[in-house]
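S.K.: Residues per chain are reported as follows:
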Amino acid sequence: MAKTYDYLFKLLLIGDSGVGKTSILFRFSEDAFNISFISTIGIDFKIRTIDLDGKKVKLQIWDTAGQERFRTITTAYYRGSMGIMLVYDVTNEKSFENIKNWIRNIEENASADVEKMILGNKCDLDAKRQVSKERGEQLAIEYQIKFVETSAKDSLNVEYAFYTLARDIKAKMEKKQEASNPPGARSGAHQLRANEQQRKPTSWLSRCSVL
Amino acid sequence: MNYQSKANKYVCPNDRQLSLRAKLRTGWSTARSEPPLTATEREAIAAVVKRAEKVDEVEARRVGRIVARLEGMRRSAQGPAPRSCLLCGETSRLLAPLRTCSICRNTACPKCVIEMPPHRSPIYSREQYMCNLCAETREMWKKSGAWFYKSLPKYILPERKATRRYNDTELARSLQDAGNSSNEGKTDSEPGSPLSVHAPTFSRQPSNTDSRKSIVSSHDTHHDWNETDILSHGVSGLSLHRTESLNQRSVAGLKRTGSKGSAYSIRSIRKEISKPLTQPERPTTIPDAGFGTLEIKLAYDNGTSSLAVTVLRARGLIGMDMTGLSDPFCRLEILPREGTYSNRLRTKTVHKTKNPEFNETLHFFGITESDLAAKSLEIVLFDDDRYGCDEMGSATVSLRDCAKSPIQLRLALSGATGTEPTGPRVLLALCYSTKKRALVVTICRAAELPPRDSNGYSDPFVKLHLDPDPYHKKHKTSIKWRNLNPIWNEEFLFETRPTELSRQNLTLTFWDKDYGKPNDFLGSLVLGASSKGRRLKHWMDCIKFPDHRHEQWHSLTDTQHL
Chain H
1 MAKTYDYLFK
11 LLLIGDSGVG
21 KTSILFRFSE
31 DAFNISFIST
41 IGIDFKIRTI
51 DLDGKKVKLQ
61 IWDTAGQERF
71 RTITTAYYRG
81 SMGIMLVYDV
91 TNEKSFENIK
101 NWIRNIEENA
111 SADVEKMILG
121 NKCDLDAKRQ
131 VSKERGEQLA
141 IEYQIKFVET
151 SAKDSLNVEY
161 AFYTLARDIK
171 AKMEKKQEAS
181 NPPGARSGAH
191 QLRANEQQRK
201 PTSWLSRCSV
211 L
Chain G
1 MNYQSKANKY
11 VCPNDRQLSL
21 RAKLRTGWST
31 ARSEPPLTAT
41 EREAIAAVVK
51 RAEKVDEVEA
61 RRVGRIVARL
71 EGMRRSAQGP
81 APRSCLLCGE
91 TSRLLAPLRT
101 CSICRNTACP
111 KCVIEMPPHR
121 SPIYSREQYM
131 CNLCAETREM
141 WKKSGAWFYK
151 SLPKYILPER
161 KATRRYNDTE
171 LARSLQDAGN
181 SSNEGKTDSE
191 PGSPLSVHAP
201 TFSRQPSNTD
211 SRKSIVSSHD
221 THHDWNETDI
231 LSHGVSGLSL
241 HRTESLNQRS
251 VAGLKRTGSK
261 GSAYSIRSIR
271 KEISKPLTQP
281 ERPTTIPDAG
291 FGTLEIKLAY
301 DNGTSSLAVT
311 VLRARGLIGM
321 DMTGLSDPFC
331 RLEILPREGT
341 YSNRLRTKTV
351 HKTKNPEFNE
361 TLHFFGITES
371 DLAAKSLEIV
381 LFDDDRYGCD
391 EMGSATVSLR
401 DCAKSPIQLR
411 LALSGATGTE
421 PTGPRVLLAL
431 CYSTKKRALV
441 VTICRAAELP
451 PRDSNGYSDP
461 FVKLHLDPDP
471 YHKKHKTSIK
481 WRNLNPIWNE
491 EFLFETRPTE
501 LSRQNLTLTF
511 WDKDYGKPND
521 FLGSLVLGAS
531 SKGRRLKHWM
541 DCIKFPDHRH
551 EQWHSLTDTQ
561 HL
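Chains H and G, in that order, give the protein sequences.
Per the UniProt record's numbering, the very first residue in the first sequence carries number 1; after that it's consecutive.
Per the UniProt record's numbering, the very first residue in the second sequence carries number 1; after that it's consecutive.
Hints were generated in silico from the structure; no laboratory data involved.
Note that the Cβ used here is the ideal one computed from N, Cα and C, for glycine as well.
One or more of the hints may lead you astray.
Below, simulated DSSO-like cross-link-like pairs (lysine-lysine); rule was C-alpha separation at most 30 Å, straight line [said to hold, decoys possible]:
#1 G:K154 to H:K55
#2 G:K143 to H:K176
#3 H:K175 to H:K58
#4 G:K143 to H:K46
#5 H:K170 to G:K537
#6 H:K170 to G:K297
#7 H:K56 to G:K352
#8 H:K146 to G:K150
#9 H:K176 to G:K517
#10 H:K176 to G:K111
#11 G:K111 to H:K170
#12 H:K175 to G:K143
#13 G:K50 to H:K175
#14 H:K58 to H:K46
#15 H:K55 to G:K54
#16 G:K111 to H:K56
#17 G:K404 to H:K55
#18 G:K142 to H:K46
#19 H:K170 to G:K463
#20 G:K476 to H:K170
#21 H:K46 to G:K50
#22 H:K56 to G:K154
#23 G:K142 to H:K55
#24 H:K170 to G:K143
#25 G:K297 to H:K55
#26 G:K476 to H:K172
#27 H:K176 to G:K142
#28 G:K54 to H:K58
#29 G:K154 to H:K46
#30 H:K170 to G:K142
#31 G:K150 to H:K58
Looking from chain H toward chain G, a few residues come up when the C-beta cut is under 10 Å (computed) [claimed, not checked]:
#32 F37
#33 I41
#34 M82
The shape of chain H in the complex, shown without the other chains (with noise of 0.2 Å):
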């Protein structure tokens, strides 16, 4: 049998071409570096097991072409994943501003319910910075949306972004998991009248012995 693991994630990344999101990718499944560009083609993915709290966390993480070329093919893959990654470049104004767009590509394309986080890549190259940090924190506290700076190149962040995407999964996992007990406890008079009816077929036998 194959390595076995205790959950499944589904991650994503999304965000203008040329800003980093295979090397991000590159860096955190096979902890390299390549500095030539080569576009992604339409769709890819990389797998990683991590470990959470004890837990065996596979991670399946998908790359897509920011190109404008192939959104019908990066939009289906929104829906089925459980994060998604903007990523951005700080030597680039322009893919900083066209994070807004992502988000509403988000809220119209994934699931209700998906984790986000911002990503400012290329954080390396102080020199050719166009976008401080400042803007990025600015817009992650605008969309409620946890931001990190990273570099792919210095291998800085990279790490850390996706253990606490995996963890804010983890963590929403177990939060639903104690809302969905008891279901649809909404509608307050039907569960009082539930609760009623169950009372009865417990013996007194039972309830005295949890005195």
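Given the coordinates of chain H, assemble chain G onto it according to the supplied hints.
M.R.: What follows is chain G alone, placed relative to chain H:
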């Protein structure tokens, strides 16, 4: 780009300007024509998709193992009784008092219970317990990803269980392994007999002895399992066991409704246990691997430039209905299409079988020799159903090979590609609440409803009822005015028992509200044990895993059945 240089840009442009703009092919109004994907790009993407499918299969098997484990636990559980443990049947003792599971409200002994993490609010300061069964269900919900997708993702039950419960997966695989060993004459020619499905496969495995052994051995264990299963129903009528017995009973129910030859009552099962080959099909949730094979013959006629496609037969198709049978038909199409003109042909439907003999020749006309080199034939198998057609598998053949001489091919079908329905559809959440003893139906939203009013919109609302329902409860959602993609998120309760549920059908009808004239019909949906494919899976998931919300999209049909 000075087309609006003279014009005020805040004034609506005139027709000439608009047509000029359209020629420029910029702006939001023009559909951008992107360069189509090149062959290498398409190949690269296909390779990735294939890789992803492998990952999905691993995942489906893993989820299958979890599901099987839980089902095993349920089967061995003793059932709720007032003074004994739900799981092990231990009675209450002084030193080991029984605990009450705070989820299913059943009693269980301290060994079969775990302590719940303390609740945040002080109101629930008392210790809370959860029985192992509920804990396991919870764990399954987390591990399978169902917590996110709001319904169980597709899963493949582990080998042994799979062959025990339904042999389709194994059958299809063994068929593919068997390759081109001839199977004429041995196969069941009469549709409608579920029994004969097993028979030919066992005798038709020259190469793969290993899998053959596994089938045979599992076949032997088949009977006693059935017996214990049935016996346990007789002894304890508990809700968890019921979910298992449901299947059986509704099979019996089916018989009553007159589906010929495909169903067996419980009594007859017990009688037939001694005869190995008269096993009834175990009802299925839809298996996901092994979609069977299809045999076709292609012949091209130069003179009339026509292509004759003879669909001979299919083998080992997936089962779609409760009895594990299907009503398959093939839809054939030459791809890529030319313009908007669609050239689709379909075969007749063969009812109640997984091994249909179509023996039907269909002709495509106007196919040139150059077409043969470039085009391919797509065959999609559908399950014919009154309430919409479900895809059962598909195959694509390039036409290049049949240019010279007629060829006969055996194709392995691959899985349904578009699982998400399109067109008029509804997102529906089902949850059987054991606390309320009721089925909670949530109409979340609908999409792409047909417009019925002159303004290009509809004013949709939904009527829903269970059938048969002793309480004769009928519900209605609110009306969403002028909306083709309404969001309701409204919840409705139907008081019923889980045993009843397998005999009941939930009927949803969508209407367009009109004043002064009768409401217009928009579409309908029927869910129940007698429905098929996705709808059946949704219904069975809801029965099998109570107290969880199962959300799923369903397409609407325009047949009105009241």
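S.K.: What are the numbers of the hints that this structure violates, sorted from low to high?
M.R.: Violated: hints 6, 7, 9, 13, 17, 19, 20, 25, 26, 32.
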